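Chemist: Take a look at the letters that make up each chain.
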Amino acid sequence: MSLSIHELSPGQEIGSRTIEVTRTDLVKYAGASGDFNPIHWNEAFATGVELPGVIAHGMFTMGSAVQLVTDWAGDPAAVVDFQTRFTKPVLVTDTTGTEAPGATIEVSGLIGKLDAEANTARIDLTVVAAGQKVLMKAQAVVKLS
Amino acid sequence: MTINPDLQGRSYPAAEVYEVGREKIREFARAVKATHPAHFDVDAAKALGHADLVAPPTFAIIIAQRADAQLIEDPDAGIDFSRVVHADQRFTHHRPIFAGDRLVAELHVDGVRAMGGGAMITTRSEVFALGADESREPVTTTTSSILVRGEGQ
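Protein sequence lines, in the order shown, are assigned to chains A and B.
Going by my numbering, the residue at position 49 of the first sequence is 49; the numbering climbs one at a time, nothing skipped.
Take the position in the second sequence, starting the count at 1, then add 1000; the result is the number in my numbering.
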């Protein structure tokens, strides 16, 4: 797919994605990223440091949310800038041994801004878990063809 | 435990070379539930004009957090890792990261701000790819803020 700036307009939706998260996913992300902070896999430790329970790595949420943009752009290399603020933790309950997810993250995106000079589109992502926005100012800049 | 206010302006030179492997790109892509073939299939990446597998947009966090560890584990910094919360993150890619890249990261402490009993610390990693002659090509700039929560925060 190749995207032309002339076919795009601000406010245009790029789609949505639902991401189901389990404790196993957090262990996999810990291993893949090297972030072994026990707040992401140990309930007693997490509550001991005054968190409500085991929470997802902010970088798991950020990293999984951007796939919506990557798929829309058609090439992961087209994402030239990506930023977010982490506003609320994603609490992941222990559903080990069942089919149920421990949390569900809903991602949707729209075109926030077009830059004709740089030939880029800024995608603004809305990322929600348990009815709350967990990322704020989640913005990815895509280089257009 | 209090945060050393003199951290601001400090930098840590590139400590080790990170070699980007295909299997690591695949593992990281699976861990963030990415499905784009350019992360998994060399032919698919080449069809898009790339030399090898393309890393997901947040892959550089591996290198950035290794660089951050130098600061967090610095006894002089006064940071309790168990009370660290990630506040914000940004990646600016000067070029994509590919399998086969040899990367180094230079860490800069851009800001330290007291917040309640804790502190907000902003760091920046400049990630470079090493060339055959050990030349450095800018690849990614990552910036992140971490909140070190004080007691009761």
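These aren't lab readings, by the way, just hints derived from the structure by calculation.
There's no promise every hint is true.
Unchecked claim - Computed cross-link-like contacts, DSS-like style, restricted to lysine-lysine with a CA-CA straight-line distance of at most 30 Å: (1) Lys-113(A) <-> Lys-1033(B); (2) Lys-143(A) <-> Lys-1046(B); (3) Lys-88(A) <-> Lys-1024(B).
Said to hold, decoys possible - Rough simulated footprint, nothing fancy, chain B against chain A, three-plus residues with beta-carbon under 8 Å: (4) 7-13; (5) 99-113; (6) 117-130.
Predicted model, so just to flag it, every value in this text is computed and none were measured.
Just so it is clear, CB atoms sit at the ideal spot from N, CA and C, and this is done for glycine as well.
Chemist: Of all the hints given earlier, name the ones this structure violates by number, lowest first.
Modeler: 4, 5 and 6
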